[in-house]
Structure formats: C-alpha cells, structure tokens
Amino acid sequence: DAKTTQPNSMESNEEEPVHLPCNHSTISGTDYIHWYRQLPSQGPEYVIHGLTSNVNNRMASLAIAEDRKSSTLILHRATLRDAAVYYCILRAHTPNAGGTSYGKLTFGQGTILTVHP
Amino acid sequence: DGGITQSPKYLFRKEGQNVTLSCEQNLNHDAMYWYRQDPGQGLRLIYYSQIVNDFQKGDIAEGYSVSREKKESFPLTVTSAQKNPTAFYLCASRGDRGSLNTEAFFGQGTRLTVV
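Sequences listed follow chains G and W, in order. Numbering of the first sequence is given in this note's numbering, commencing with residue 1 and proceeding in unit increments. Numbering of the second sequence is given in this note's numbering, commencing with residue 1001 and proceeding in unit increments.
Just to be clear, a hint being listed does not mean it is correct.
Said to hold, decoys possible - Now the stretches of chain G that chain W is said to cover, found in silico as 3 or more residues with beta-carbon under 8 angstroms: (1) 39 to 49; (2) 104 to 117.
Said to hold, decoys possible - Using 25 angstroms as the maximum straight-line C-alpha spacing, the simulated DMTMM-like pairs for lysine to aspartate or glutamate come out as follows: (3) W/1057 - G/82; (4) W/1071 - W/1024; (5) G/104 - G/67; (6) W/1009 - G/45; (7) W/1083 - W/1038; (8) W/1009 - W/1062; (9) G/104 - W/1103; (10) G/69 - W/1059; (11) W/1014 - W/1038; (12) G/69 - G/31; (13) G/3 - W/1038; (14) G/104 - G/31; (15) W/1057 - W/1038; (16) W/1009 - W/1024; (17) G/3 - W/1015; (18) G/104 - W/1072; (19) G/69 - W/1069; (20) G/69 - W/1015; (21) G/3 - W/1059; (22) G/3 - G/45; (23) W/1083 - W/1062; (24) G/104 - G/45; (25) G/104 - W/1054; (26) G/69 - W/1103; (27) W/1057 - G/45; (28) G/69 - G/45; (29) W/1009 - W/1072; (30) W/1071 - W/1059; (31) W/1083 - W/1059; (32) W/1057 - W/1069; (33) W/1070 - W/1059; (34) W/1071 - G/67; (35) W/1009 - W/1069; (36) G/104 - W/1015; (37) G/104 - W/1059; (38) G/3 - W/1062; (39) G/104 - W/1038; (40) G/104 - G/14.
Hints are computed from structural coordinates only; laboratory data are not their basis. None of the values given here were measured: they were computed from a predicted structure. For glycine and all other residues, C-beta sits at the position ideal for the given N, C-alpha and C.
Whole structure, please, built from the sequences with the hints as guidance.
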C-alpha cells in the first residue's frame, strides 16, 4: 500500500491560515487523497478528498502537487475548534468478489494541530 | 437520522473473556471497517468488509474476529487470544453502490478496558 508521511505536530494562531503538508511519493495513478480529522475522544470526521485537481469545500481546501507526490490541506482561518489530529490517507484498491473496490483506508500517525488563541 | 452507531461507549471485561463490540449503520453503505487506537497513536486497521458475507484482514487482525451477515451490522469480537485488548475501538462505514470514492463515516468509538 502507498504510504503517507506527515509532520508529527504543527501550531497555529487563531484566525491565521494553516497549511498541513502530506507526502505520498509512492501514490499510484488511481489513488485518491483523503483527509480526515479527529477531535479528542471522538471518531475521525471527513474533511476533503481529491485526485489531481485542487479542491475546495466549506471546511478546507486541498492543494495537490502536479506530480501528485504531495498535497497540502489548507485551513483558511484557524479556529480553536480546528485543534485536532489531521490524517492524510490514500485509498488502496482491493477488488472483492462483487467487483466493487472500497479499499482499506489505512491511517498513519497524523499531524497534531494546536491552535493558540 | 442516518448514521453509524457503536455500543457501548465504555466496556469493562475481565482478562480471558471474549467480548463483542457492536457496530450498526443505516446509511446503506457496503463497506465497513474496524480500527484500534492506542493512546497518542493513529488508527490501525483490524478488519474490513466490502460487501455482505465477505471480510478481509487488516494490519492487526490477530486475536480478533468479525462477521458480516447483514449489510447494517459488522460486530467485532475481541478474543482472549488478543494480548493487549485495552484500547479505543472505532468502526467506520463507507460508500453506496456506484460511488466508489465517497467519504467514510465513523462511530463515536468504544473504549474497552480489560482488567
């Protein structure tokens, strides 16, 4: 499975932009890049995902390098509620007997984001 | 409301006992996953299932077993063979037929303590 590498931790001040990097140098051509975040004592929640083009949604933006070997999650204005562990993951293809392929969704260690008031 | 439910939230068991963690979803999702999380660590995949009556081992399947008899349910049994069962267990589900790159939804987790 293709792996991702993220910094262990990052810090930001409230209302400032945050750029969370992720390296995935062994990504395959059909792997989607997914980002999730996990608040303390909760299950992770989906943030954003993309394949080749940059993506925007109400939570964040995802910038994907042209060679797809890295990506950056952008929080445009960090709030205290954005303090969480952020995971960058790749979807591995594992076809099953029925022909569908949802993949393993393997998580790494993630980046602990601290937001200072 | 649609969602994924894990129960119970906290579970205590004596060493040597098997215990089954419940995971139910009403999202009509085909794929379901079980993860284990230890303090300060990321999520590690135990088992996953992409369709009813089919499941596959993840990275740390030893000492665990699952079943997928119904689309809505994916229970995880922590057996006495699991050497360090105390952990936070998370269940997730994903995807409707025809939407292969959808987001995963997670339950709130079950914190299992074995004494």
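Note to self: Between the alpha carbons of residue 69 of chain G and residue 31 of chain G, is the straight-line distance 25 angstroms or under?
What the structure shows: 11 angstroms, holds
Next item on the list: Decide if the proposed pair is consistent with the structure: residue 1009 of chain W and residue 1062 of chain W, CA atoms, cutoff 25 angstroms inclusive.
Entry: Holds, at about 23 angstroms.
Notebook entry, point to check: residue 1009 of chain W and residue 1072 of chain W: Cα distance at most 25 angstroms?
Noted result: It holds: about 19 angstroms lies between the C-alpha atoms, which stays within 25 angstroms.
Margin query: Can you confirm whether the C-alpha distance between residue 1057 of chain W and residue 1038 of chain W stays at or below 25 angstroms?
Written below: This hinted pair holds, its Cα atoms lying about 19 angstroms apart.
Next item on the list: Starting from residue 1009 of chain W, check that the Cα of residue 1024 of chain W is at most 25 angstroms away, please.
Entry: 13 angstroms, holds
Next item on the list: Establish whether the coverage given for the segment 39 to 49 of chain G by chain W is satisfied; the threshold is a Cβ-Cβ distance below 8 angstroms, and no fewer than three residues must meet it.
Entry: Our answer is that it holds, as 7 residues pass the Cβ test (under 8 angstroms) against chain W, meeting three.
Margin query: With the threshold set at 25 angstroms, check whether the alpha-carbon distance from residue 1083 of chain W to residue 1062 of chain W stays at or below it.
Written below: Holds, at about 9 angstroms.
Next item on the list: Could you grab the alpha-carbon distance between residue 3 of chain G and residue 1015 of chain W and see if it respects the 25 angstroms cut-off?
Entry: Answer violated: residue 3 of chain G to residue 1015 of chain W is near 35 angstroms, above 25 angstroms.
Check: Has the given pair, residue 104 of chain G with residue 45 of chain G, been kept, meaning a C-alpha gap of at most 25 angstroms?
Finding: OK: residue 104 of chain G and residue 45 of chain G at ~17 angstroms, within 25 angstroms.
Note to self: Checking one constraint from the list: CA of residue 104 of chain G to CA of residue 1015 of chain W, max 25 angstroms. Satisfied?
What the structure shows: 30 angstroms, violated
Notebook entry, point to check: When you check the alpha-carbon spacing of residue 69 of chain G and residue 1069 of chain W, does it fall within 25 angstroms?
Noted result: 39 angstroms, violated
Notebook entry, point to check: Is the straight-line distance between the alpha-carbon of residue 1014 of chain W and that of residue 1038 of chain W 25 angstroms or less?
Noted result: Since the Cα atoms of residue 1014 of chain W and residue 1038 of chain W sit roughly 19 angstroms apart, the hinted pair holds (cutoff 25 angstroms).
Hints 3, 17, 19, 20, 34, 36, 40 from the list above are not met by this structure, while the remaining hints are.
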